[in-house]
Amino acid sequence: MKRFLFPSLLVILLVSCSLNEHPKDQIPEEQAYTTARQLYQNTVATLYNYIGGDADGQGLQGTCRGVYDLNTFGSDEAMLPTRGGDWYDGGLWQAMYKHSWAPGHDLCKNAWLYLYKVITLCNRSLETLQAHGNLVDAATLRGYQAEVRACRAMYYWYLMDLFGNVPLITSSDVSMSQVTQEKRSITFAFIVKELQTVLPDLADENSVKSGYYYGRVTRPVACFILAKLMLNAEVYGDDDWTDGQRPDGSRMKFSVDGQTMNAWQATVYYCDKLDASFALMPNYRDNFLVHNETSTENIFVIPMDKNFYRQQQQNLFRSYHYRHAAAYGFTGENGSCATRKALEVFGYATKAEDPRFGENYFAGPVVDLNGNAVADRGGKQLVYYPTAVEMNLSGSPYVETAGARMRKYEVDKNALKDGKLMDNDIVLFRLADALLMRAEAKVRMGQSGQSDFDRVRSRSTGAHREATLLNILDERLLELAWEGWRRQDLIRFGLFRSLYDGNDRVKEDDGHTTVYPIPADVRAMNVKLVQNKGY
Amino acid sequence: MTWCIDIFTIFAIINHLPHNQLLSFFTYTAMPKNNLLLVLLLGTALPLQAQTIVKKDSTALKIGYTKGISGLITGSVDQVTEQQLNKGLNINALSALNGQSAGVSVSTGPNQEAMLNAVRVRVRGTTSLTGGNDPLVIIDGVSSDLATLSTIYPADIERFTILKDASETAQYGSRGASGVIEVTTKKGKGERFHISYDGNVGWEAVYKRVGMLSGSEFRQAAANLGMTIADHGGDTDFRRSIERTGWVQNHHVAFGGGSDQSNYRASVGVMEHRMVVKENAYRNYIAKLDITQKAFDERLSVDLGIFGSIQKSKPIPFPGRLFYSAAAFNPTFSNGLNAAGGWDQVPEASWITNPNSLLKMENDKDDGHFNAHLRMSMDLGRGLSVTAFGSYSYNTGNLSHYYPTFVWSHGEAYRGDDKSEDMLANLSINYRTSRGAHQLELLGLAEVQHSVGKGFHTQVSNFTTDAFGYHNLAAGAVRLWEGTGSYYQDSHMESFLAHAQYVLANRYILSLNARADGSSKVGRNNRWGFFPSVSGAWVIDKEPWMQPLRQISKLKLRMGYGVSGNLGGIDAYISQQSVMPNGVVSVGGTLTTTLGIIRNANPDLKWEIKRTFNVGLDMGFWNNRVVLTADYYTSHTSNMLYLYDASVPPFIYDKVLANLGSMRNSGLEIGFGITPLRTKDMELSVNMNMAFVRDKLVSLNGYFNGEYLTTPDIKGIAALGGAGFHGASDAVFQMVGQPLGVFYLPHCKGLIRNDDGSYRYDVTKEKYICGQATPKATLGSNIAFRYKAFDVTMQTNGAFGHKIYNGTALSYMNMLSLPNYNVMKGAPQKNIQDQTISDYWLERGDYLNIDYLTLGWTVPVKTTYIRSLRLSLSVNNLATITGYSGLTPMINSSVIDGTLGLDDKRNYPVYRSYAFGLSIKF
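Those protein sequences? They're chains A and B, same order as listed.
My numbering puts the first sequence at residues 592 to 1126.
My numbering puts the second sequence at residues 214 to 1135.
You can trust all of the hints, since none of them are fake.
Distance condition first, Cα-Cα at most 25 Å in a straight line; then the derived PhoX-like pairs of lysine-lysine:
1. A:K1008 - B:K573
2. B:K868 - A:K1119
3. B:K928 - A:K1119
4. A:K615 - B:K667
5. B:K578 - B:K667
These are calculated hints, taken from the structure and not from any lab test.
Because the structure is a prediction, the values reported are computed rather than measured.
With the rest of the complex left out, here is chain B:
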């Protein structure tokens, strides 16, 4: 089953075949699993000839804590520079990265609820069961998170560096297992004063909806079945009544200046996004300042960076309910208020509410991110330098909602406040030397990190007037005990890192990392984790005997092995047996708070370990007009952290966070770039990346407290919801021996006619595994064409090999939901009166989506003041090519949670964006 690139083929092609057959590279052959090493050994023993050509490929590059030379990287590292970032309308920094790096999936597509902090990123798929699958985000050396990253203005980003395999991520030790996204922001460059403006303005419109019955069709369908409906005489399309024309505008001003000795860059930005669903909106305000100063004959270098952003957003309080309601609400109801000044409801349809009244639920979210960091590097001479780095980050989150009395029986107000602080400091000493053909770099680093999170919330109900909203909680009469709470969490981490890199003759590179991490979150006896890695590279194109092969401008073989850890998704104090307030009871006639144990403690909690082997090949031909990169990796996660099912008794609760199971993950990533045309007036370049990934849950068993624990082999991950689906409605399962997230369903042989002329699903008793929810392959492709001052860029992303459960159709085709819920067009004709879950509505999820098409004009201005001027027009989400029958195949197919693989009535409307952009530099 493994589709894997046959490395034989590659080498064969390189060595013996005409270059025009390079594309046959994309033919895959099945390869047995364990033959990889053999293939490698044979592959490296290639017969090669000798001649001379030296290619300069020595951009200085910071990877992790080390300063690398890009030509000397030994691991799997992808760089996405400013030029490569997405050119369409970017609503946040992460959407600029989407599709640009093999194996990095960013779901910011318009079909997720596109609020910024809902961005989901996976690097090389899922390698852990617990929440810790988010990659580590490092912004200018500061450990951060996806939420903060998504608030950075895209034009402030100089480069993303994505560390994918453990030989590089081992530098981040315990936090690196899910990959690392390093972000380098723009800094002052020691040039004369410059100022630039960058912005775009656009609008958005829904272009596709699930076809539901109109008011008259609904009336007719119910009459045909002899049902009484609540007929209000209208004909309303409630999907349209929650929509509006979206509006987006982004503006950004940056300026900087100075000299080589001291320079600065400052920027301010604002991003506003009024979504296509009414009330749903987002604003982001950003300010950023970076200062660099050199002193003492340039031996001391000081960098200061300050970043702040504020987001004000209005998320949809219950998106699933809103979209379910908009589709299924009785279409004979009028769109407006009733005579009493309220909204008519259908009490029988308990899963839906009049969409217009749902829109009246106030929901406001205010977030803030602040960070300051300072780096001082001192060159001590003789190749020795010392760097001290410190950073402070402060994040706040504020959630306020008010559900008016006409939607929520007694009204409900909520205020919640969360704050987190993160302090990080490290000291490093770096030594570089070179003698003859030998180069050596050594790095020693010590780091401490302290994180504190705290917050509180309170919820009040029983309002007699809606006038106060959430602004005066005293207007509500009832404060339930469980409605108020607060928390405090702090954690510490200490780390030591040693790194060595040795380069011989500029072409043989060996790199070693050893990191030790101590965390307060793990059990007392497992405080320290050790994460080593080793990797090597052979820059073949620098071999003297390669020089006759002028066509080959780059050829490098990389190989690495490393261990990284994961503590993600774990709260502090889990390893302790502690007690918390668990309720109020009457003690001696007085209301009393009691304390109790609220979880199974695990004093032996330890690091999850991920071991990765990576082998990669970088190739460039004809002055890098054709570039190819291929990486194969295999990783094994052990001591897997997971909230395991625990046997009750002896456990108190049925879950315990422990390190038991293991999983495997392997994949192949291919990057391909070709510039078939490059003249003064014209340039065409095509970049593609493909990732094939395969994961398997190997085991969920292991030793806990000296005893062998087994957990159920089959467990539901994602279930259908809505009317008639309470319980036993899992469709996506986690099964030992299978990829994470498989569909395990009964087979449907077809439809059977009932006595009354309706139909039901003819379903077998036995279930079978009928596909996986996560794509086996993903594709990102970028085609750019320039003619003189005009350019066109098209980005296409795709995913293949997975399936989607069309739960929307299962529900909306079920005629039993009449007369309280509306049904789909075509449902009355098919007359299915059944909603048994089977493979009937399981469909292939393959798709290709044209993410954006941008037309740009670099206006040839010739004045002293304007350095450059560029105008652009973009269309985002141009078209989707798919065989999937539902609204869109771009659902959650990557993150393991309760929505994985299910298209279940909750889709955000599918919309297209049109934007005009202006970028001007003075």
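Looking at chain A on its own, in the form it has when it is part of the complex:
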């Protein structure tokens, strides 16, 4: 008997447990797609969690150190000056200002990782939709797929715009050896084709109104991106941006809904569609109110709700002076502000100051929400000195107060988390931009863009200007300040390298800085990736 005791106990012991895992706080991927509703939620809707963000580098806008910062602080629109012991951050922001970013620059890596993360998630979603497509009818499935493909095309557009030659990956099942770069023009063509293909299957609905399509990539969103792609076709179609030559947009041919058009015609075509379904708001500021879901002008936004969503608006937090933010009950980091170049364009402190200056910036004496003066640390009125700004303010008497600060959005008095969680939806695309694009395309075709130009301008100012190319560029800054377009605009106008504010730049005559370097860490892991020229 005894001799069986040990073995039998042993058997009992081992039978009682198994080495298979049965997680309860997470589920196997297959279980996430068992109904039609789940299929939509977990393949399509899940992607919208990544449009905005709450951490550095995440989201298209609203956070720091990612896509938005590359598009903003690399341009002449805004800067993050070093303020004594604050904002040196290892020289990060000075490099943005001087265009001396290197492949090891944090912002480049953040943007790359973020954009490819979402692109790869899109690829997976498409594969999942394919595999579980039987849960819905064919038309619905096509709609879902269109939405994901449009999303992916949008991220690829940001990626190509920032990095030039990027790997074009359309499946989640690729190995490292398959990850190689495509020329910029190939990726450009891919994005255009994807968007054009899915356009009919996207809902022709407004995405900024609260309701069924709120926050989704709908047909107008795709049209807007197509307009941007066409307007920048000379840039995106250029595979060697260091040779001083570019294709001619009027000769670039695109097939648009069965017609062949050049880049400018196509821009106009897509802008026309937007003009048909959106309308400028009477007042500029209406688009940036706490509850701006009613805007008829906004085309695509990052939905914000301080009680529900995670995504944050950190750009205001980063710009307010400490005591300015404190007067609102928030926290401020006293950082970003307008360059002197931007002040010039706005005609700051001149008779011709554009009214939109006051909409977009805080300058001069700071007051709280009741109009009472905010005191500085010495008990005197806190004043912003826009023209005192320099990249290195250390030692300056205006070290804390130099620079016009970001205003743009109506203050949400009830904002949470230091003021970062607010209800104003972050505006990504809007009609005013489309109208200026159409004006520009028309001028580039030799036509008059005056009517579109005037529609945008006259809303804010009575001062007439001719719709020349350079005036359009200026108008884009006046109208679209802090909206993340300046870098792209300057590159398209060939003015990205122009100096301002006495800025001491790196040598960039060859134009290599018009795309950012492939991040060093990414190349260390994938030796096949070739660094962009000039880095």
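Here the structure of chain A is known, so what remains is to put chain B in place on it, guided by the hints.
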């Protein structure tokens, strides 16, 4: 570069040189890396002479699952018995071990935030990159953890047994790679009823602070630079305003009794520690019961042990911010409330907050540990015995905080609950036989372990009153989606162990272990790992030809090789591609939770493997009046588990937990004990241990999913924080081909004068490797002297060969931080207006610290009831001898994390403890 003991020298000394030259043993010579084996071969071929003396050295000893005889141990095993445990004021069980075993580093120094579960222990340095560097803790056979161990009352511990090399740790297979600390607690002894009291009471006081400008100096310095300050007219030293006199008291009562057949021991204890920082406090309540019963002609033995402890503590919510604030807060502010009943803040100084208001943040932590275990051993006769063992452990953790509205803009309350259960059962069969000169022991064991962890937390904000604290979460209006969460994790492990030990003629010992472990956490195809070890020992002093050498009372050569594994720091389910809620979005106008992939899965996840070779020599002279132990080891970690950087694309996320790289670790450990004086009235003994350790990150590359993955060769580990240091401020790096944690900084040639008369650092563009963050050598030394009934013990610990980045000075010397942050004394004179990171503030970290000095009096009582009475006085943290210019060199120099090697404004105040102790046995 390798400083390694030349084994030639040792043997030469032993054989040919006068004994008084033994100390020259401590001269080191450089030895080429791979000559070790050669040296060993030559060393073992010593010419030796013969005579007879037999030394008894046969204390029965349990190591791992086996019952060893201490004289027959083949691996590197250190025992720290009750007598050797630290005698100073011990705030927890692990601090009693500090400095007592070569290669075991315990950072419970007063300069870590001395909360008990922050204890950090490393055995033989770092051998893995992932979190699994904590040694395995086994308490009376129950697998446990450092947090539980640190709650045991030190007086309940009979012995620590530390298994260092793989020939011993292989018994624990996959969990043994980072070393094993086995704890044997006191049990009943089959003697008549006895009761004892053990306790101490003491106080603590801060004795050193970073010198910052006073209110008037601050005012003057700002005026000199033409700056406007927020001048509130005061002169407050905020460092002192967060301090208080600390208070510590420990009380412990134990009693037991019974007979040889059945006996018990029970104890209760309470430990209270009010720290030198206000609000920061800790209480620990402990109860423990052990019962032993023998039956059936003593063939059956049953042991039951129950242990429970409850900790109630108040950790500092943001220690880094508190200490940064206490040093750098505007000293012209008053220490009290302002007219409005709040605390004035400096909004411009976003990294600091009025320290007095920070102290008003409620933070409570309640933890509980419970364990019960039962062991039944049956002697079946003819050398055969069977043992069944089962244990159940239950741990809880409760964290509650409330940040009032005047510190945290809308107020914030948090409640979090964590529970973990661990069930372990094993069955073993043991066979012993001896025939003539042959002894054989065989052991077979099967074990299962099941662990479950679960918890939840919720966070609420927007309070209109601070009156509720965290006690009524309904008082807060906002509950964000990401503020609430819960988790569940379970994992299983199955193991089989076979062990054999063969002893020939009591002097040639061969030991073999083979363990197979199966874990649910690794990938489906790699479930089982095999961990063998082989070791041998030669008890040279028992050789007949050794007997003429009466002076040599002990001489033993040990050698072993083994493989152990590591799965530490890995959560369950990592090998699966699963989805979790990833956010809320509007779907069809309704708030909807979506699911998404939250990490790169690795279905091929497997065991990290560590191979260790160990050779050791134990020597005793003149009846062990002089004892020497030396161990050399070299280990190689492969399939190294690490959250590797992954290339995006094709990966979704930029990290993947995988088994790719490898690292090497080697070292030399020397234990030295001498009792130069031993008479009836007087005894002097000196014990020292030294450890030299060298590690190298060999590779971070390898195959993943059939593809060769490369990761960046240089990666930041620890970065400076605070104003102006957001990003690109790494100072400590992980570099392939270097020790883990090196300083890689630009060189500073000196200071350059700016046009305005201020100075900046003259820094080169190129960076270079300028030192390592982990010590190359550590020292523990204990000197004990007894005169009649009085004794004095002094423990000194030290660490050498590493550097410390004085980030505190870099920040506090930067005049640009004026007028929002205070600066150090001397900063206005130097007028540096720069905080570029360079080697300017990199300093040598060598130190010797007198951990404690204890004076004891064993009162000669002669009554029937009192068996012994001892009174003691101790001073802890008596003095630190160092060239380091910062507050203290005792920062984190051992654990690879974001604080490694950096002295960065976060130091806990340096304090000294004075305690009175009483120990009485009836």
